[in-house]
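*Asks:* In case you want the letters, here they are:
2 protein chains.
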Amino acid sequence: MKKFFETTNLEKVFEYRSVFPPVATDLVPLSEITGRVLAVDIVADGNLPDFARATMDGYAVQAASTYGASEGSPAYLVVKGTVAMGESPRFSICPGEAAKISTGGMLPSGTDSVVMIEHTETIDDSTIEVYRSVAPGQHQIEKGEDFKKGETILSTGQRLRPQETGLLAAFGIERVKVFQRPVIGIISTGDEVIPIDESPKAGQIRDINTYTLSSFVKEAGGVPVVFDIVGDDFDSLLDKCTQALVHTDMALISGGSSVGSRDFTIEVFSSLPDATILFHGIPISPGKPTILADVRHKPFWGLPGHVVSAMIVFTVIVRPFIDRISGLSPQRLSKFRLPATLTRNISSAQGRIDYIRVRLNERNGILWAEPILGKSGLINTMVKADGLIEIGIHTEGLNEGAAVEIIPI
Amino acid sequence: MKKFFETTNLEKVFEYRSVFPPVATDLVPLSEITGRVLAVDIVADGNLPDFARATMDGYAVQAASTYGASEGSPAYLVVKGTVAMGESPRFSICPGEAAKISTGGMLPSGTDSVVMIEHTETIDDSTIEVYRSVAPGQHQIEKGEDFKKGETILSTGQRLRPQETGLLAAFGIERVKVFQRPVIGIISTGDEVIPIDESPKAGQIRDINTYTLSSFVKEAGGVPVVFDIVGDDFDSLLDKCTQALVHTDMALISGGSSVGSRDFTIEVFSSLPDATILFHGIPISPGKPTILADVRHKPFWGLPGHVVSAMIVFTVIVRPFIDRISGLSPQRLSKFRLPATLTRNISSAQGRIDYIRVRLNERNGILWAEPILGKSGLINTMVKADGLIEIGIHTEGLNEGAAVEIIPI
Chain Z
856 MKKFFETTNL EKVFEYRSVF PPVATDLVPL SEITGRVLAV DIVADGNLPD
906 FARATMDGYA VQAASTYGAS EGSPAYLVVK GTVAMGESPR FSICPGEAAK
956 ISTGGMLPSG TDSVVMIEHT ETIDDSTIEV YRSVAPGQHQ IEKGEDFKKG
1006 ETILSTGQRL RPQETGLLAA FGIERVKVFQ RPVIGIISTG DEVIPIDESP
1056 KAGQIRDINT YTLSSFVKEA GGVPVVFDIV GDDFDSLLDK CTQALVHTDM
1106 ALISGGSSVG SRDFTIEVFS SLPDATILFH GIPISPGKPT ILADVRHKPF
1156 WGLPGHVVSA MIVFTVIVRP FIDRISGLSP QRLSKFRLPA TLTRNISSAQ
1206 GRIDYIRVRL NERNGILWAE PILGKSGLIN TMVKADGLIE IGIHTEGLNE
1256 GAAVEIIPI
Chain F
856 MKKFFETTNL EKVFEYRSVF PPVATDLVPL SEITGRVLAV DIVADGNLPD
906 FARATMDGYA VQAASTYGAS EGSPAYLVVK GTVAMGESPR FSICPGEAAK
956 ISTGGMLPSG TDSVVMIEHT ETIDDSTIEV YRSVAPGQHQ IEKGEDFKKG
1006 ETILSTGQRL RPQETGLLAA FGIERVKVFQ RPVIGIISTG DEVIPIDESP
1056 KAGQIRDINT YTLSSFVKEA GGVPVVFDIV GDDFDSLLDK CTQALVHTDM
1106 ALISGGSSVG SRDFTIEVFS SLPDATILFH GIPISPGKPT ILADVRHKPF
1156 WGLPGHVVSA MIVFTVIVRP FIDRISGLSP QRLSKFRLPA TLTRNISSAQ
1206 GRIDYIRVRL NERNGILWAE PILGKSGLIN TMVKADGLIE IGIHTEGLNE
1256 GAAVEIIPI
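Keeping their order, the protein sequence lines are chains Z and F. Okay, so the first sequence: first residue is 856 according to the numbering used here, each after it adds one. Okay, so the second sequence: first residue is 856 according to the numbering used here, each after it adds one.
Since the hints were derived computationally from the structure, they do not count as laboratory data. Warning: the hint list may mix true and false statements.
Because identical chains cannot be distinguished in the list, a pair is counted as satisfied if it fits within a single copy or across any two copies.
[Said to hold, decoys possible] Dumping the calculated DSSO-like pairs for lysine-lysine here, alpha-carbon to alpha-carbon at most 27 Å:
1. K1239 x K1143
2. K1143 x K955
3. K1032 x K1073
4. K1003 x K1239
5. K1003 x K1056
6. K1143 x K998
7. K1003 x K1095
8. K1003 x K1230
9. K1095 x K1073
10. K1230 x K955
11. K1004 x K1239
12. K1056 x K998
13. K1230 x K1004
14. K998 x K1239
15. K998 x K867
For reference, chain Z alone in the conformation it holds in the complex:
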């Protein structure tokens, strides 16, 4: 029997992120960048907008021409023309004059505001009454009011949402330098594990981890590369890991990470070129038998074979490493967690962090987290769950009514 491993505390575990460099970058068409991580700072090459624009349908005026205007005492303005959309007006406006304008139109020179059409009345072809005064700047966007030329509008390491995509469109940036999606190899191990298109004989079980881990990798913005299932055999696993080292940026090997007679992962990792075992064993439950190796500066993970353990280790431990090699800035890594209230007492062992699956229910305006107990080999516990809660390493348990924070799954 091998010795049981010493665990590495999570602070130290997450420090190891800095060992692994971000992946390379690509130029990607704007229509495909949402969700990707920006790999360059973007500086405005002009003002946005580049001219003052109306934000209402109405009349462009000098605000002073409307001062004091009211229903009882309207201002009378001379309509000098109509602003054609998408064109620069060929006239300018003097005090006492107005130009008809639609939303998005360019304000003529001499104007500083727009009177809403609802606050005017047409008297004849060239005269309007204005019933309400406007302030300078009202119902218009000034030149450069959104972004000014030379301003840094987006920064390296931020994940691009729809609004950032729109902003890049505004500046005509058709191709954007973003980090590549990290390619992540997935290897399920175990003599008892069979592909899902086979019928299990007694003692066999279909491969679940390949599908759950591939799906999580996609959600994390990575590209899963699935290798064939490997039996409990050192040479076969070494062969697959050698392939993974060539073709991927990170590898996830599930099963074989513990210290039993058929647990080859750590020996295989040690046999890879330029490999350092960073840790074997972390103080979390489920998920204690987790291995991280630095193999030519690529993270190689040994994950537990139990389906729930593998998913939880992915969510709380592996995912931050994927964020790291994806190029995400550290200050953008953290996610806000949903607060909830525990429905029942729950015990925990000191000296480890317990991750408890919970179902969420809203009752009387309170969000309740209901623990779902069950063995870490039972996938039904993850299917019923909406999230995880963490019970700290120095805590013996939590009482009914305790405030908890939800890690969504």
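Got chain Z sorted already, so can you dock chain F onto it with the hints?
*Replies:* Chain F only, in chain Z's frame:
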């Protein structure tokens, strides 16, 4: 000047979801279903697992053989054999006997539990000492403990996460009946709007809405189909909408939804075959000039042209309709909202719902929502924001320190 519209309350707005049927279904390979919406109930065609499995490395035993065992007074058991992984053991175990077994191995008949290897010592080839007693069921998963044959394991209308994908793998379901991704047409309008690969002349502005709305559609699980930009011209817009009716499940037309002289959207919708205008105008800010038409039971939307208004209307109004036609069950539609505390007083007009963009900051364990004020034509307000808060229709404003709920953007 046209008459200003009457707004339709949001309760009524969301009731209109039931007008629109879900899209058709497809059989999709298991590796591509995560994030899709299940279109069938899945019933277990067998037990999961189909045999009792060890969850630890050790010895399969009858629990009773270990009762009373301790360090000082171990139980001595005869090792009858080793369970080969992925095979049915060819022997059975009697009281006083044990079978060596690895995690995931099939328990031999006659056993009901597993003693962890850490709690045993090998005496000779055929004898072990056991230092701790186990209870029946310990360190094993029983046949059918995860799911039982005949049980409904997943239901129509649920979005498939990684864990549901893994569950379908466990049952060998290689292709899954899911709802198609709704195809959503996107049409930007306005004489002043130009494609992003052109340089704007004075008075022109690049098309932002196509990019923001396409990105939001993808995030919502839809497939955006982008049409060329349409000028302020009835016939051109009618032509594009006619194409959208043939090729898409929903259409989003941005710009031209208000009541000005160049706002053709409502007239175009009215000219489409079998079209009913469901509403024109909703009591929200920004986003009041929003149109929904039922065109041959496809939702056709007129969205405001202002970039921020279009994004907010998409997020709070359009998205639930996409969920509806995507086949999501009503009980699965709601999302839990993150609670936060407002950093400053904010005023609001009664009679409308205000959506305020906010930035989130965590200080002293409290999540603060800081309002980002700015015109609805300024995209920078959405780029700076982490979420929206809603100020209700009967509320004149919120005070600093008020509890708010965050709609993520």
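*Asks:* Which numbered hints turn out to be false for this structure?
*Replies:* 7 and 15
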